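Peer 1: Residues per chain, in single letters:
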Amino acid sequence: MNKGDISAAAREWTLTVKNLTFPIFCQQCRIRLLTDDNGYFCPTCWESSPRIERPFCPICGKPHRAGVGLGTRSNFRCGPCSTQKKPYPYDRVLAAARYDGAIQLAIKRLKFNDKPRIARPLGELLREQAERELDCDAYDYIVPVPLHRVRRRARGFNQAELLAREILPLFSDAVIDTSLVRLRPTHVQSRLHTDKQRKESVRGAFGLSRDANFDKKRVLLIDDVVTTGATIHECATVLKKGGATVVDVLAVALAIPGSDADSADLGRKE
Amino acid sequence: MNRPLAWVAAAMLTGTLCAAWGLLPGLAIPLLLVAAACLAGAFRLRNARIRPFVVLVGFIGAGAAHWELNQTPNSDPFADLVANNPVSVTKVEGTVRSVTLSIPGEDRLRLILDIDTRIDNKTSSPIAGRAVIHWTRSTGLIFPGDRILVEGEASVAIAEVNPGVNGYEDYLRNRGVNTAIDAAGPKAVTRLGEAPWYLPWNWAARFRQAQADNLARAMPERVLPFVYAVWLGHQSALSQEEYLDYVWSGTAHILSVSGVHAAIIAFTLNFALRALLMARRPRSVMVMSAVFAYALVSGASVPAMRAAIMVCLYMSADLLEREPDTTTALSLAGIIFMLWDPRSVFDIGFQLSFASVASILIFISLFQNRMEKVHWFLRGPIATSLAVQIIPLPIAAASFHALPLAAPVANLVAIPVLAAVLWLCFVTALLSFIWMPAAQIAGYATLLPIELIRWIAEAGSSLRPLSKIMTTPTTHAWAMYWIAASLLAATLVVRKDLRKSMLILSTTAFAFSFIFWRPLDYEPEVVMLDVGHGDATFIRSTTGETLLIDGGDASEFSDRGRQIVAPFLWARGVTRLDAVMASHTDRDHLGGLLYIIDNFDVGAAMLGALESDRPLEREFVARCAERGVPILRVKRGDALQVGNTGLPIFHPLPDWSETTLPNDLSIVTKLDFASTSFLFTGDIERAAEASLDLWSIDTDILKVPHHGADTSSTIPFINAVTPKYATISTGSHGRKVMDQPIVDRYKALGVSVLRTDRLGAIRFALVEGQLHVESERAKRGYPIAKD
Ligand SMILES: [Zn+2]
Ligand SMILES: [Zn+2]
Ligand SMILES: [Zn+2]
Chain L
1 MNKGDISAAA
11 REWTLTVKNL
21 TFPIFCQQCR
31 IRLLTDDNGY
41 FCPTCWESSP
51 RIERPFCPIC
61 GKPHRAGVGL
71 GTRSNFRCGP
81 CSTQKKPYPY
91 DRVLAAARYD
101 GAIQLAIKRL
111 KFNDKPRIAR
121 PLGELLREQA
131 ERELDCDAYD
141 YIVPVPLHRV
151 RRRARGFNQA
161 ELLAREILPL
171 FSDAVIDTSL
181 VRLRPTHVQS
191 RLHTDKQRKE
201 SVRGAFGLSR
211 DANFDKKRVL
221 LIDDVVTTGA
231 TIHECATVLK
241 KGGATVVDVL
251 AVALAIPGSD
261 ADSADLGRKE
Chain V
1 MNRPLAWVAA
11 AMLTGTLCAA
21 WGLLPGLAIP
31 LLLVAAACLA
41 GAFRLRNARI
51 RPFVVLVGFI
61 GAGAAHWELN
71 QTPNSDPFAD
81 LVANNPVSVT
91 KVEGTVRSVT
101 LSIPGEDRLR
111 LILDIDTRID
121 NKTSSPIAGR
131 AVIHWTRSTG
141 LIFPGDRILV
151 EGEASVAIAE
161 VNPGVNGYED
171 YLRNRGVNTA
181 IDAAGPKAVT
191 RLGEAPWYLP
201 WNWAARFRQA
211 QADNLARAMP
221 ERVLPFVYAV
231 WLGHQSALSQ
241 EEYLDYVWSG
251 TAHILSVSGV
261 HAAIIAFTLN
271 FALRALLMAR
281 RPRSVMVMSA
291 VFAYALVSGA
301 SVPAMRAAIM
311 VCLYMSADLL
321 EREPDTTTAL
331 SLAGIIFMLW
341 DPRSVFDIGF
351 QLSFASVASI
361 LIFISLFQNR
371 MEKVHWFLRG
381 PIATSLAVQI
391 IPLPIAAASF
401 HALPLAAPVA
411 NLVAIPVLAA
421 VLWLCFVTAL
431 LSFIWMPAAQ
441 IAGYATLLPI
451 ELIRWIAEAG
461 SSLRPLSKIM
471 TTPTTHAWAM
481 YWIAASLLAA
491 TLVVRKDLRK
501 SMLILSTTAF
511 AFSFIFWRPL
521 DYEPEVVMLD
531 VGHGDATFIR
541 STTGETLLID
551 GGDASEFSDR
561 GRQIVAPFLW
571 ARGVTRLDAV
581 MASHTDRDHL
591 GGLLYIIDNF
601 DVGAAMLGAL
611 ESDRPLEREF
621 VARCAERGVP
631 ILRVKRGDAL
641 QVGNTGLPIF
651 HPLPDWSETT
661 LPNDLSIVTK
671 LDFASTSFLF
681 TGDIERAAEA
691 SLDLWSIDTD
701 ILKVPHHGAD
711 TSSTIPFINA
721 VTPKYATIST
731 GSHGRKVMDQ
741 PIVDRYKALG
751 VSVLRTDRLG
761 AIRFALVEGQ
771 LHVESERAKR
781 GYPIAKD
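Protein sequence lines, in the order shown, are assigned to chains L and V. Note that the first sequence covers residues 1 to 270 in this note's numbering. Note that the second sequence covers residues 1 to 787 in this note's numbering.
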């Protein structure tokens with residue numbers, strides 16, 4: 001028996017013992033998982049969660065409704081984005097999936113159930129999308145949307161930072177920068193119900209730490225989920241004020257108002 | 001249920017239980033194992049569906065085999081030696097196995113010793129055995145693993161043994177202890193050598209003792225008994241009254257270190273360390289070691305160790321990058337305990353602990369789903385405190401007999417306060433090793449939460465009239481209950497359309513279980529309980545009336561009524577007594593009856609005709625009045641009628657001036673029991689014996705007057721009774737009035753003498769019309785001393 005065989009056998013046995021002592025189950029359909037590949041969701045649930053694929057709006061990231069531009073593999077601006085000249089402080093939003101199904105559940109577990117390891121499959125999703133849709137050499141800084149230090153301490157980690165670390169190897173020239181900070185604690189966005197409330201709650205919530213240097217830099221802002229865009233709007237404004245030339249947003253999931261996916265989560269007025 | 005270890009645990013438990021109850025004798029076990037192995041080989045390649053069943057059969061066999069292998073009794077030559085030379089002064093050497101905590105005010109200590117050498121006239125010879133040593137702290141402290149020399153009176157370890165009651169002797173025998181050595185005096189115990197430094201239980205015991213000594217200085221005396229119980233797992237400092245408050249408010253479980261305590265420590269420590277920004281891995285390691293340290297220092301009770309194992313599994317899941325699974329963690333903890341010692345399955349702590357956690361796991365969603373209107377903050381705790389009751393209910397009924405209605409509410413308040421107490425204890429213990437004044441600040445701060453818990457317990461126990469007394473369920477009720485619980489659990493997983501019919505089935509099963517909770521037909525019996533020095537006799541007449549004559553002794557340290565008589569009755573399904581008779585007003589007869597009057601539905605109480613103003617009699621009369629029990633004063637010539645059972649009264653005389661001795665005023669009465677008859681004599685002495693009408697007292701079975709003392713049992717009296725059996729109710733320790741010449745006198749007259757100190761409880765029953773005599777000690781296979 002050669003060395004490779006032994007280590008393969010050892011790995012198999014370790015997996016068996018792990019499966020016996022710490023069985024894991026799909027968070028959505030409760031089926032038993034026998035590998036650590038995803039660790040939280042079975043392939044069926046994970047794959048059936050809707051992704052955002054071309055065609056989508058290159059500015060706000062929203063996928064075009066089925067039937068619109070059917071068969072086109074190239075993106076085009078959506079209605080609101082094409083009528084306004086410079087609609088947002090950020091340059092574009094790219095999301096990997098809709099905020100729905102297994103991925104929505106995964107993000108909730110990551111944030112609220114103290115399961116930082118879900119960042120791995122989510123990061124993988126993010127990486128695939130970035131590889132397809134972004135020019136990975138075009139950024140100097142990768143900036144995770146910050147948490148207030150009190151909440152960061154309570155949670156033990158910042159989910160956006162975990163995601164940023166997952167995708168970092170893809171960006172050869174970029175480094176993670178954490179000099180964007182949250183100055184005051186804000187409400188959890190998904191618990192606020194109206195657009196106005198959300199915008200109000202993040203106004204002036206972000207700032208730059210003293211050693212920040214975004215002058216003429218290209219920034220990729222990372223977030224777990226973009227709901228109304230209030231948070232990234234505020235972050236991008238601060239970064240642009242700090243001198244950044246480009247601010248692109250990369251998020252795992254994009255909540256799409258009007259889709260039946262999470263009307264409960266987005267509130268009643270939307 | 002796709003958790004393999006849960007199935008393995010269930011299979012091992014099945015195997016263990018089957019072997020323990022003798023359902024899988026001899027050949028069946030190896031056959032099961034071989035069959036499983038063959039089938040596994042045959043099916044390995046072809047049928048993946050049958051394989052799990054084969055593996056389970058294998059584990060049933062393995063569980064049974066493990067039990068059988070553990071059953072070979074430890075040979076105890078030292079016990080044989082002691083049994084053959086009763087009450088002999090011996091000198092033995094050995095290694096200490098465990099010690100009790102030494103706290104101020106408790107001078108008499110116990111330790112368990114593994115004996116290896118006996119010293120006889122300065123020559124030492126090897127001998128094996130395990131004994132419990134009673135000693136005093138004046139000889140200095142001793143810890144597990146130390147080698148000691150003990151000199152004292154050795155005897156067979158004996159305590160009261162009664163049907164349906166778990167007592168001190170059962171505790172000793174379960175630990176393989178067969179002898180007791182009374183080593184009073186300062187030089188009786190000498191330390192020969194210290195334990196090797198690496199023994200963890202030696203360190204745990206030292207640390208525990210050091211904490212006990214420090215806490216005694218850092219905390220107000222008022223809270224010490226409570227702190228000893230919840231922090232160090234030492235309960236005996238609590239007064240009986242206080243303990244009963246906790247029992248009747250349903251919060252007694254917080255007094256013995258259990259999973260709740262370990263979980264509080266783990267949860268709050270994890271939370272605090274996280275707030276201090278400690279990284280996940282070092283935090284896990286800290287929490288694991290803290291919980292294990294707490295479990296060890298608090299006396300390593302089964303529930304605490306179970307919780308510590310589960311916390312470890314939880315924390316190590318994180319290290320292995322997996323999610324913890326509570327069901328599997330519980331199963332693995334169970335497997336570990338069953339492998340460590342299969343007898344732990346019969347430990348009440350083990351049963352309650354595992355049943356409670358399993359109950360929460362299975363039923364919490366049942367309650368949570370129905371409480372959408374309750375505030376989310378309260379939903380979890382309320383659902384937990386309801387769910388935790390379901391599976392353990394029959395076990396709790398069989399061991400505590402109380403179903404306090406205040407329990408869910410009292411626990412909801414008391415457990416968060418307990419968390420505060422545990423943390424203050426931790427801080428005090430820590431500071432007391434650094435700077436005593438600071439420790440005292442924290443120590444005195446415990447006053448507030450502990451007083452609050454005590455207040456909750458008192459308030460809860462004042463609701464005692466609303467509480468329900470649960471007798472031990474019959475086997476049928478037991479099985480039916482768990483079928484009902486399984487059906488209820490099944491409603492949570494089956495299809496929606498089946499749910500309603502499942503629920504109806506489950507409710508029906510629950511109803512049947514409660515209908516058959518008590519036995520439907522009872523055997524007539526007369527049981528002379530083993531209450532040490534004192535009397536207590538339970539009678540179920542041939543016509544079905546229940547009668548209790550005397551209730552044993554009760555002092556501020558122990559109450560036979562509470563510890564022996566009541567549990568015995570509840571284990572028999574008795575909650576109503578048609579009559580209670582106090583032969584006379586001495587404490588060793590009347591003392592235990594107070595608890596019986598308080599906790600049973602009593603038809604009538606009977607006392608001798610001559611009233612006195614002894615405090616105990618006044619108290620008894622007052623309690624009877626409070627509970628609405630009519631008192632009958634009986635005298636010679638009365639023909640008492642309890643239901644269909646006649647009790648002619650032969651003594652006392654209505655106005656007898658010959659003596660004022662309470663003993664001589666004892667009630668003497670006769671019971672006809674099918675074709676035999678009993679004579680109950682209380683504590684009458686010579687004068688009363690002489691005054692009896694000798695023609696009326698001829699009976700088959702005589703309860704020997706005055707515990708076999710030579711104040712009584714005159715030869716004319718014995719000749720008048722001409723009994724076949726003479727029963728003596730006497731203790732083997734402490735106060736004892738029995739005289740050997742009296743025993744010999746009966747024997748010389750051809751009477752068989754039955755003594756409770758030798759035989760345990762003595763039971764006379766009718767088996768197919770024939771009188772049948774049973775000794776509880778013989779029934780349990782415990783040693784019986786011979787003359
Ligand atoms: Zn699934
Ligand atoms: Zn757009
Ligand atoms: Zn007496």
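Hints are supplied without guarantee of correctness; some may be wrong.
[Said to hold, decoys possible] In silico DSSO-like links for lysine-lysine, alpha-carbon gap of 30 Å or less:
{"no.": "1", "chain 1": "L", "residue 1": "K108", "chain 2": "L", "residue 2": "K85"}
{"no.": "2", "chain 1": "L", "residue 1": "K85", "chain 2": "L", "residue 2": "K3"}
{"no.": "3", "chain 1": "V", "residue 1": "K496", "chain 2": "L", "residue 2": "K108"}
{"no.": "4", "chain 1": "V", "residue 1": "K779", "chain 2": "V", "residue 2": "K747"}
{"no.": "5", "chain 1": "V", "residue 1": "K635", "chain 2": "L", "residue 2": "K115"}
{"no.": "6", "chain 1": "L", "residue 1": "K18", "chain 2": "L", "residue 2": "K3"}
{"no.": "7", "chain 1": "V", "residue 1": "K635", "chain 2": "V", "residue 2": "K670"}
{"no.": "8", "chain 1": "L", "residue 1": "K115", "chain 2": "L", "residue 2": "K18"}
{"no.": "9", "chain 1": "L", "residue 1": "K108", "chain 2": "V", "residue 2": "K670"}
[Unchecked claim] From chain V, some residues computed to sit far from chain L (all C-beta separations above 10 Å):
{"no.": "10", "residue": "N2"}
{"no.": "11", "residue": "A83"}
{"no.": "12", "residue": "A195"}
{"no.": "13", "residue": "R274"}
{"no.": "14", "residue": "A317"}
{"no.": "15", "residue": "L320"}
{"no.": "16", "residue": "E321"}
{"no.": "17", "residue": "R322"}
{"no.": "18", "residue": "D325"}
{"no.": "19", "residue": "T328"}
{"no.": "20", "residue": "L405"}
{"no.": "21", "residue": "P408"}
{"no.": "22", "residue": "P465"}
{"no.": "23", "residue": "S696"}
{"no.": "24", "residue": "H733"}
None of these hints come from the bench; they were simulated from the model. If you're wondering where the values come from, they're calculated on a predicted model, not measured in any experiment. No residue lacks a Cβ here, since even glycine has one placed at the ideal position from N, Cα and C.
Peer 1: Any hints this thing doesn't respect? Which numbers, in order?
Peer 2: Of the numbered hints given earlier, those the structure breaks are 1, 2, 5, 9, 10, 13, 14, 15, 16, 17, 18 and 19, listed in rising order.
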